[in-house]
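Protein chains: 4
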Amino acid sequence: VWDMAKSRFEYVRKFEQDDRLLHDTWIVIRIDGRGFHKFSSEHAFSKPNDARALGLMNKSAECVMQTFPDIILAYGQSDEFSFILKKETTLFRRRASKIMTTVVSCFTANYLFHWRDFFGEISLLYPPSFDGRAVLYPNESVLKDYLRWRQADCHINNLYNTCFWCLVDSGLTNDAAEERLSGTQSSDKNEILFSEFNINYNELPEIFRKGTTLIRQEVEESVTKLCKAKKEEGLSERLVQRKRKVVTAFHTDIIGEAFWSEHSKILDL
Amino acid sequence: VWDMAKSRFEYVRKFEQDDRLLHDTWIVIRIDGRGFHKFSSEHAFSKPNDARALGLMNKSAECVMQTFPDIILAYGQSDEFSFILKKETTLFRRRASKIMTTVVSCFTANYLFHWRDFFGEISLLYPPSFDGRAVLYPNESVLKDYLRWRQADCHINNLYNTCFWCLVDSGLTNDAAEERLSGTQSSDKNEILFSEFNINYNELPEIFRKGTTLIRQEVEESVTKLCKAKKEEGLSERLVQRKRKVVTAFHTDIIGEAFWSEHSKILDL
Amino acid sequence: VWDMAKSRFEYVRKFEQDDRLLHDTWIVIRIDGRGFHKFSSEHAFSKPNDARALGLMNKSAECVMQTFPDIILAYGQSDEFSFILKKETTLFRRRASKIMTTVVSCFTANYLFHWRDFFGEISLLYPPSFDGRAVLYPNESVLKDYLRWRQADCHINNLYNTCFWCLVDSGLTNDAAEERLSGTQSSDKNEILFSEFNINYNELPEIFRKGTTLIRQEVEESVTKLCKAKKEEGLSERLVQRKRKVVTAFHTDIIGEAFWSEHSKILDL
Amino acid sequence: VWDMAKSRFEYVRKFEQDDRLLHDTWIVIRIDGRGFHKFSSEHAFSKPNDARALGLMNKSAECVMQTFPDIILAYGQSDEFSFILKKETTLFRRRASKIMTTVVSCFTANYLFHWRDFFGEISLLYPPSFDGRAVLYPNESVLKDYLRWRQADCHINNLYNTCFWCLVDSGLTNDAAEERLSGTQSSDKNEILFSEFNINYNELPEIFRKGTTLIRQEVEESVTKLCKAKKEEGLSERLVQRKRKVVTAFHTDIIGEAFWSEHSKILDL
Numbered sequence: 001v002w003d004m005a006k007s008r009f010e011y012v013r014k015f016e017q018d019d020r021l022l023h024d025t026w027i028v029i030r031i032d033g034r035g036f037h038k039f040s041s042e043h044a045f046s047k048p049n050d051a052r053a054l055g056l057m058n059k060s061a062e063c064v065m066q067t068f069p070d071i072i073l074a075y076g077q078s079d080e081f082s083f084i085l086k087k088e089t090t091l092f093r094r095r096a097s098k099i100m101t102t103v104v105s106c107f108t109a110n111y112l113f114h115w116r117d118f119f120g121e122i123s124l125l126y127p128p129s130f131d132g133r134a135v136l137y138p139n140e141s142v143l144k145d146y147l148r149w150r151q152a153d154c155h156i157n158n159l160y161n162t163c164f165w166c167l168v169d170s171g172l173t174n175d176a177a178e179e180r181l182s183g184t185q186s187s188d189k190n191e192i193l194f195s196e197f198n199i200n201y202n203e204l205p206e207i208f209r210k211g212t213t214l215i216r217q218e219v220e221e222s223v224t225k226l227c228k229a230k231k232e233e234g235l236s237e238r239l240v241q242r243k244r245k246v247v248t249a250f251h252t253d254i255i256g257e258a259f260w261s262e263h264s265k266i267l268d269l
Numbered sequence: 001v002w003d004m005a006k007s008r009f010e011y012v013r014k015f016e017q018d019d020r021l022l023h024d025t026w027i028v029i030r031i032d033g034r035g036f037h038k039f040s041s042e043h044a045f046s047k048p049n050d051a052r053a054l055g056l057m058n059k060s061a062e063c064v065m066q067t068f069p070d071i072i073l074a075y076g077q078s079d080e081f082s083f084i085l086k087k088e089t090t091l092f093r094r095r096a097s098k099i100m101t102t103v104v105s106c107f108t109a110n111y112l113f114h115w116r117d118f119f120g121e122i123s124l125l126y127p128p129s130f131d132g133r134a135v136l137y138p139n140e141s142v143l144k145d146y147l148r149w150r151q152a153d154c155h156i157n158n159l160y161n162t163c164f165w166c167l168v169d170s171g172l173t174n175d176a177a178e179e180r181l182s183g184t185q186s187s188d189k190n191e192i193l194f195s196e197f198n199i200n201y202n203e204l205p206e207i208f209r210k211g212t213t214l215i216r217q218e219v220e221e222s223v224t225k226l227c228k229a230k231k232e233e234g235l236s237e238r239l240v241q242r243k244r245k246v247v248t249a250f251h252t253d254i255i256g257e258a259f260w261s262e263h264s265k266i267l268d269l
Numbered sequence: 001v002w003d004m005a006k007s008r009f010e011y012v013r014k015f016e017q018d019d020r021l022l023h024d025t026w027i028v029i030r031i032d033g034r035g036f037h038k039f040s041s042e043h044a045f046s047k048p049n050d051a052r053a054l055g056l057m058n059k060s061a062e063c064v065m066q067t068f069p070d071i072i073l074a075y076g077q078s079d080e081f082s083f084i085l086k087k088e089t090t091l092f093r094r095r096a097s098k099i100m101t102t103v104v105s106c107f108t109a110n111y112l113f114h115w116r117d118f119f120g121e122i123s124l125l126y127p128p129s130f131d132g133r134a135v136l137y138p139n140e141s142v143l144k145d146y147l148r149w150r151q152a153d154c155h156i157n158n159l160y161n162t163c164f165w166c167l168v169d170s171g172l173t174n175d176a177a178e179e180r181l182s183g184t185q186s187s188d189k190n191e192i193l194f195s196e197f198n199i200n201y202n203e204l205p206e207i208f209r210k211g212t213t214l215i216r217q218e219v220e221e222s223v224t225k226l227c228k229a230k231k232e233e234g235l236s237e238r239l240v241q242r243k244r245k246v247v248t249a250f251h252t253d254i255i256g257e258a259f260w261s262e263h264s265k266i267l268d269l
Numbered sequence: 001v002w003d004m005a006k007s008r009f010e011y012v013r014k015f016e017q018d019d020r021l022l023h024d025t026w027i028v029i030r031i032d033g034r035g036f037h038k039f040s041s042e043h044a045f046s047k048p049n050d051a052r053a054l055g056l057m058n059k060s061a062e063c064v065m066q067t068f069p070d071i072i073l074a075y076g077q078s079d080e081f082s083f084i085l086k087k088e089t090t091l092f093r094r095r096a097s098k099i100m101t102t103v104v105s106c107f108t109a110n111y112l113f114h115w116r117d118f119f120g121e122i123s124l125l126y127p128p129s130f131d132g133r134a135v136l137y138p139n140e141s142v143l144k145d146y147l148r149w150r151q152a153d154c155h156i157n158n159l160y161n162t163c164f165w166c167l168v169d170s171g172l173t174n175d176a177a178e179e180r181l182s183g184t185q186s187s188d189k190n191e192i193l194f195s196e197f198n199i200n201y202n203e204l205p206e207i208f209r210k211g212t213t214l215i216r217q218e219v220e221e222s223v224t225k226l227c228k229a230k231k232e233e234g235l236s237e238r239l240v241q242r243k244r245k246v247v248t249a250f251h252t253d254i255i256g257e258a259f260w261s262e263h264s265k266i267l268d269l
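Protein chains in written order, with the working numbering: chain A, 1 to 269; chain P, 1 to 269; chain E, 1 to 269; chain F, 1 to 269.
No wet-lab data here; the hints were simulated from the structure. It is possible that part of the hints are untrue.
[To be verified] Simulated pairs of lysine-lysine, PhoX-like, Cα-Cα distance not exceeding 25 angstroms:
id, chain 1, residue 1, chain 2, residue 2
1, E, Lys-98, F, Lys-6
2, P, Lys-144, E, Lys-86
3, E, Lys-98, F, Lys-189
4, P, Lys-14, A, Lys-210
[Unchecked claim] Beyond 10 angstroms from chain E on every Cβ pair, some chain A residues (computed):
id, residue
5, Ala-5
6, Leu-56
7, His-114
8, Gly-171
[To be verified] Per label pair, the in silico range of CB-to-CB distance:
id, chain 1, residue 1, chain 2, residue 2, range
9, P, Gly-183, F, Asp-188, 19 to 27 angstroms
10, F, Asp-268, P, Asp-3, 26 to 34 angstroms
11, P, Glu-140, E, Lys-265, 18 to 26 angstroms
12, E, Ser-170, F, Asp-268, 33 to 41 angstroms
13, A, Leu-204, F, Lys-243, 21 to 29 angstroms
14, E, Arg-116, F, Glu-178, 56 to 64 angstroms
Given the structure is predicted, the values throughout are model-derived calculations rather than measurements. We treat Cβ as the ideally placed atom computed from N, Cα and C, and that holds for glycine.
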């Protein structure tokens, strides 16, 4: 009776829609922290940047890249991360839902799993979560512009936040700090930091100003292997050179051309 | 210069596609454990069913329902859970990506967050993850058939697994047990359980055989409130009756009509 | 070599996307004349309504219904027509592109094919065309509201146009007529027609005020058939009663409930 | 009351879905004759190719290109035509439904409108129609492969049909001709044509073997214009040179690179 029941109801699968993404096109999965404003203050993140929190974001992103070899690059800043899948990927037959939910779930799980490694005794008060989306970019030029857009966003937000928290630390209320910065250009904010707080913005850590770009780099390693030197003899240890791809982090400019010409093969592969 | 950079690259947002789901239609989000076969054996789950693991699944689903009031019902079994959003929901403007990634991330985060409450000292060896999908059901009849399909699936799998592990526990290899069950009907498996293992399948716990249905039920509570009895007097405690919706679990048949007529307002609300 | 060439390039089919429409949901195809403002003046259509042009629209729609038995109802006004496919239809496996392009092409072809039957010696100066779209409606209530929306639109436009052309015929310029009507309510326009032009709007032909609803109605016919009365005898004519579905036009109110209760089976079938 | 009715029902527009096509990607609209097997025999088209019918297809496609300046190339064979929109097009805000229905309707209307110019006194027995679809191609390489696929298809079908109709004309039944050709390679068919019918396939008209490619070519024209030579004088005629883009037909190979390097700017523009 159950066997029959199942086959009788199975027609409901027809209501699922095929959401395969256009072939030969880069797939970008961007995830974003949900309610991280509240989350970061309840867990007492340092302002404007918390090195532990950024470390945990980067670690989680690295684990996502470890899980999905078709991700060729990831760029993160603040509570967001973008993952670029190579344009030929056939991961999950390119089904949008499957790809984006798996990436977001994998990231979330790693964020909780590695929390202690970065925050030690500070315990999680409640579980943080992320949303995600998939966007297609059909050529290298628009794909790079996407990443440039995220880095320009990082820059603008970080400059603003740096100023904002300096003003607040110096005694202004949040509202007063906000008002002070309203309508200012980048140059004005640089000037405030320099003249009032003696901070040269460009000397602040690059991870804060430029975010984190993760790519796979080939490294050469020496590994000890057990080999038979000759047929008749026993095993002996030998040092062997080996090439391996390792996820590597950069906190560098990706808006100009330098990064892209140095790593020219990333997007092709 | 950064302000300009950002606006120069912002055109890449045009590549995002609008994925709003048809109005006035039930949205089902189904999430599934990824690689839970391996995950359950590495964490030594009892076979065929692990009460702690089911408890953790149900707890996570309940937290998802707590987070999203527009979820009117959830049904779970094994390593999967389906969440039904009321047909009028405007959650995230009905954007498919946003809804499904948020639900899957929220579930994942809760699964890790509450792990210790169910598994105590047994620690997580690696972070488990889930995938998700969104399916639309345009009328009550097909929506119920969807849930019936999942419960029929629960039944078939559970009966099979119960037999399989009895056979294995009795000394058969996995392959031999599989072969023994190949081609059998439900009635054959019931018979094997009864005659060889003295198990009456229908007396096994309902949570194993029927999965878990979560709905919101109105409960009446007595709460103590501080009130001013009269103007001139001070505060005094008073017992007040209050109605509240509470997520409640059922391990009951949802294939027949009884459950639906008892809870006839669930789908309308 | 050509055989090989074809199979080498055939991979490009993978770029086609599956666009099947949600099951168990009404599919509405609405087509609209492109540039019919210009088309109608170049072909000297009477204003505000041209009976020949409406006749040709209705004839074309009827032919579309003849071609696609799964269309259960069509509603037209001015230069637009909406076709409702029964909710269970599997026409072209419910592929949106295939359904909408075929309907719009079939309508267009019939419009040109039957032009002469309605416009006689007035020849087509250039070929008119239509666009189309597909919209899903998941329940009877919203589907009816869709049709009500189109009829309310018909009414508003027709009342406006009737006033406008009366004013223009009475000597106003187009601009002056437009200005005169700007900001007026339905009641104001009724009043203008009555007091200035002695026209009782509600006595104008229903086809102008209410558009055209086409449904399939069962009719009983007497057909003469050749039958063998008895084995040994020759053929003799006999009158036989037969039921047949015939596309029938109504110019009646579909906003109230009367039409729907009179034809209660249309949407079920 | 009508004004209110319309705004009350207008919510049904929410059920329309946004179907804008990915930016910066070539859009291909392919249209196909519906039931042209029957249509061509009822209108006595010559077999295997009817020059009038191909002329009418090409004329209709040319008119479509005249109507939509963003179409940069069209390729047709038998009863199908593919239209390539430039990748930057913003025609109808790139809405898939609007683009494909308009193209298919415009083509259909022209096919009927120009029928007489190609078939003279042979009148249309019933209105022919076409279906259409939209496919995206993200880079030049796959776009060209799409067109190569259609031309390889043209070649294979035409070779087969040429053989088939020779065999039928020589006295075979349709079934016998089909059987004779079943399992043959291109080379076999070439051989049959040559040895049995004295036909050198490669000498048949190119329009039959290679289909029709329409592109816009710049031509220089001399036009007579009325000009004022000097201020004080009257108008005088002057011959002026002018560049203009004209839709031009080629019946040439588009599988190799020659065509593409000769017309290297088509796809960029």
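message: Check the structure against each numbered hint from earlier and tell me which ones fail, lowest number first.
response: 1, 3, 9, 12, 13 and 14
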